[in-house]
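Order-wise, the sequence lines are chains E and R.
Just so it is clear: in the first sequence, position 182 is 182 by the numbering used here, and no numbers are missing.
Just so it is clear: in the second sequence, position 424 is 424 by the numbering used here, and no numbers are missing.
Think of the hints as simulated: they come from the structure by calculation, not from any bench.
The reader is advised that the hints may include incorrect statements.
Intra- or inter-copy, both count: the list cannot distinguish identical chains.
In silico BS3-like pairs for lysine-lysine, Cα to Cα no more than 25 Å straight-line [to be verified]: (1) 317 with 455; (2) 54 with 68; (3) 346 with 54; (4) 289 with 314; (5) 249 with 93; (6) 433 with 93; (7) 410 with 26; (8) 85 with 249; (9) 249 with 289; (10) 460 with 289; (11) 94 with 249; (12) 4 with 42; (13) 293 with 93; (14) 249 with 68.
2 protein chains.
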Amino acid sequence: MRLKVKLLGIEAGGPLIVALNPKIVKSLDLEPADRVRIMGDKKYIVAVADVSAKISEDEIGLFDEVQKFLGAEDGQYLAIIPEEKPMSVFSIKKKLAGQRLSKDELYEIVTDIVDNRLTQVEIAFFVAAAYTRDFSIEETEYLARAIAESGEMLNLGTKPIADKHCIGGVPGNRTTMLVVPIVASTGVTIPKTSSRAITDPAGTADTMEVLAPVSLDFEKIREIVKKIKACMVWGGGLDMAPADDDIIKVEHPLSLDPTGILLASVMAKKYSVGATHVLIDIPYGPGTKCDLKRAKDLEKRFVAVGKNLGMIVKTIKTDGSQPIGNGIGPALEARDVLYVLMDDKKAPQDLKKKAIFMAGQLLELVGKAKRGKGAALAKKQLESGKTLEKMREIIKAQGGNPQIKPEQIKVGTDIETITAEKDGIVIAIDNEKIKRISKFLGAPNDKGAGMFLHKHVGDKVKFKEPIFTLYAESGRKLSDAIGFADSNNPFKIK
Amino acid sequence: MRLKVKLLGIEAGGPLIVALNPKIVKSLDLEPADRVRIMGDKKYIVAVADVSAKISEDEIGLFDEVQKFLGAEDGQYLAIIPEEKPMSVFSIKKKLAGQRLSKDELYEIVTDIVDNRLTQVEIAFFVAAAYTRDFSIEETEYLARAIAESGEMLNLGTKPIADKHCIGGVPGNRTTMLVVPIVASTGVTIPKTSSRAITDPAGTADTMEVLAPVSLDFEKIREIVKKIKACMVWGGGLDMAPADDDIIKVEHPLSLDPTGILLASVMAKKYSVGATHVLIDIPYGPGTKCDLKRAKDLEKRFVAVGKNLGMIVKTIKTDGSQPIGNGIGPALEARDVLYVLMDDKKAPQDLKKKAIFMAGQLLELVGKAKRGKGAALAKKQLESGKTLEKMREIIKAQGGNPQIKPEQIKVGTDIETITAEKDGIVIAIDNEKIKRISKFLGAPNDKGAGMFLHKHVGDKVKFKEPIFTLYAESGRKLSDAIGFADSNNPFKIK
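Take the sequences, apply the hints, and build the full model.
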């Protein structure tokens with residue numbers, strides 16, 4: 001069948017879609033989400049056929065993605081024929097039915113996702129399969145390899161390469177920005193890619209961006225890491241593990257975080273940078289992504305998948321029941337990091353302690369410190385100023401101001417401090433409420449927005465003493481946040 | 001935020017969607033599939049925000065569905081604000097996690113589906129939940145009620161009302177067109193709504209349409225049923241259980257048929273017509289929808305859900321391992337039905353026997369025949385010509401030609417007969433291959449397309465004797481089917 005191109009002038013938003021008249025759809029015996037092959041001048045493309053009464057019977061409506069690929073023009077005639085579903089659809093069904101997938105089947109699913117050959121509904125069924133069915137260690141390994149190999153690899157050509165990861169969920173937990181310069185200051189290579197926050201007040205990439213640009217290309221990253229052993233960049237700006245983004249997009253509507261995909265996604269990124277020694281931080285407890293049971297399960301799986309990928313993985317379960325550090329939100333967290341690096345008296349001790357512990361673990365893992373001696377080495381590197389020096393090298397290499405002082409970091413100028421209504425002791429701080437309030441304040445998009453916590457769990461408070469301060473970049477956002485915080489105070493005082 | 005309307009001039013295909021510039025999406029803190037509320041002059045609507053670089057920063061792109069609802073015009077300014085996800089999304093996640101849903105939660109999901117408040121991805125997660133998690137009898141009952149009440153009900157105001165249903169999967173199995181007139185000929189009310197085929201060569205609605213129009217409205221159906229006790233119409237043309245169509249659309253890409261939704265969907269339709277006594281045919285075996293184990297599970301569930309809905313349900317497990325009747329495809333099946341009704345020597349005996357058995361069961365269930373005497377009554381009604389008379393009343397009432405003869409039914413004129421390559425006995429006929437070949441021939445869209453089976457399992461065949469004949473309405477379709485059948489002969493002869 002030959003049809004006349006009608007350019008729709010709009011993107012379908014990823015999946016390859018064309019629009020056809022209902023009669024044409026029927027005459028081709030197509031059902032919802034069935035596919036057609038469209039023959040261009042030099043190449044063909046397979047797209048999903050959507051039904052539209054706005055397209056006449058001699059036309060085919062092209063969304064931008066298909067138009068660009070074919071280079072088709074308005075009014076041009078193209079031949080179309082029905083096309084079978086890709087095999088990956090059957091593999092997804094197989095997994096949803098609880099069966100094991102082979103390496104080839106998993107690779108095919110990932111390739112089809114990256115090449116936009118699957119619809120969002122089909123990817124949703126894959127996510128649902130991962131959420132409801134167990135992925136074996138081998139399946140997780142293959143999925144991680146497939147996700148990594150669907151994009152570019154860093155290929156530094158050196159060993160060992162250290163890396164760390166935190167599965168997230170705890171506000172203010174910016175250990176990466178301390179662990180990376182500590183470890184690198186001992187001469188160990190640690191090329192760190194991080195994400196931006198989706199539901200949290202800040203991701204490491206958001207916070208690092210306060211100090212230096214984080215959207216660097218692979219060539220620049222290789223150059224920096226070869227020279228100074230470390231970087232802290234935004235992974236999402238790279239063509240690294242691109243399948244991941246397509247999957248996350250579909251996970252978001254239900255805020256799903258299926259174990260199989262979580263593991264594969266994290267390990268794919270470690271594999272992409274060529275990591276040989278990896279420390280994984282698994283915070284657990286109320287308001288985090290897992291309870292102790294899931295944390296233990298994740299630990300076992302991370303180590304096993306890592307082994308299959310040729311990495312030595314060590315996991316730590318940490319207390320995630322309250323925020324780490326004082327600042328929440330990019331600018332306020334960046335200040336905390338600088339205070340720790342400068343050994344300033346304003347440095348939050350919980351953040352410093354956790355960073356030293358983690359850096360110590362990683363130094364031991366990579367063989368830079370003997371067993372039990374890692375933390376001491378990390379502490380020495382931090383307090384001697386060598387870590388600050390390394391951090392300044394990183395900031396400079398990435399294009400930031402290496403001499404920046406904490407006070408120079410701009411925070412929101414619409415400010416409100418919440419004080420205690422009675423004397424007492426802080427017995428709990430609710431992570432979820434901290435995240436919600438910070439979101440209302442504008443974090444992470446407004447870099448200066450966020451919260452400063454004057455108190456932590458166990459601290460004594462007196463009547464009218466400040467508990468937390470809100471920072472926003474607009475009065476409206478501040479008042480929205482105050483309104484929410486009024487009836488959702490994250491601090492429990494007894 | 002106020003944005004200028006840009007009409008996109010195309011349907012989104014169901015879900016309510018608007019397109020926004022990436023910067024606007026970011027400034028509103030929206031993630032993929034997040035929603036916005038758009039304030040029109042007199043009413044507002046909640047739609048999912050898609051990202052499009054083709055929309056400028058002061059614009060909002062409206063797909064047809066949103067435009068029509070708001071009555072918005074090109075260039076008009078509309079206020080938009082971010083909107084929370086509907087609660088039904090959280091219920092879907094809850095079910096996917098394996099928890100029970102309440103009546104309210106299930107009703108909310110169905111209402112949101114019908115009102116286009118859920119995206120296809122979100123509905124896909126609901127389908128995946130039904131596929132991977134068990135629905136209790138109560139959950140199935142509530143889902144059935146919600147689906148039924150989402151549309152119009154027949155409300156005949158009479159009792160008893162008989163109904164029958166076959167879960168499908170067996171080609172040629174057109175018992176409905178015999179059971180309905182047999183039962184109605186005894187004075188029992190049986191208003192039958194049927195579906196068109198999606199993957200099969202014909203649905204009852206497709207085959208009945210060969211004899212009479214099947215797209216009738218509720219008013220006409222009520223009028224007919226009050227007068228002659230029966231009808232055989234297309235359910236899909238009515239606003240009956242509309243949620244069903246939206247769900248089926250999402251099931252199709254993976255050809256999923258989750259038990260919870262299957263049960264709720266069938267029972268919703270019975271509930272919509274006010275059925276009090278229902279016979280459910282569950283064919284099982286190779287090439288059908290279930291094996292014996294699933295058939296037994298379905299039986300128990302159908303009876304229990306029916307009881308909760310105030311219906312008396314009887315199930316029968318039947319042999320679905322080979323086609324029923326000789327004709328496959330709308331016209332050829334309609335011929336078979338007429339031959340049986342006319343007690344012609346060409347009548348396929350397997351179809352006749354199954355119809356008598358089923359009608360007998362239903363007559364006993366509804367109290368028209370004593371236990372063990374139903375089949376005899378059904379046989380009498382059929383062979384006495386009373387059933388043919390009732391069928392002619394139905395055909396006439398629906399607007400068809402009541403005097404039509406089997407030979408007057410047009411079948412495809414592109415014909416090819418496949419003969420035996422050796423002497424032997426038919427030991428199996430593959431339903432799946434029969435369906436595929438019939439699809440190639442053009443069934444069910446081409447009414448005259450299909451197959452005629454000269455032999456059934458157990459029949460002796462001689463070298464060069466006809467086994468099956470292919471009918472198509474175009475030479476190309478015939479040759480495509482022959483090509484497929486050449487290497488996929490559905491007949492196994494030994």
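Does the structure break any of the earlier hints, and which numbers would those be? Violated: hints 3, 10.
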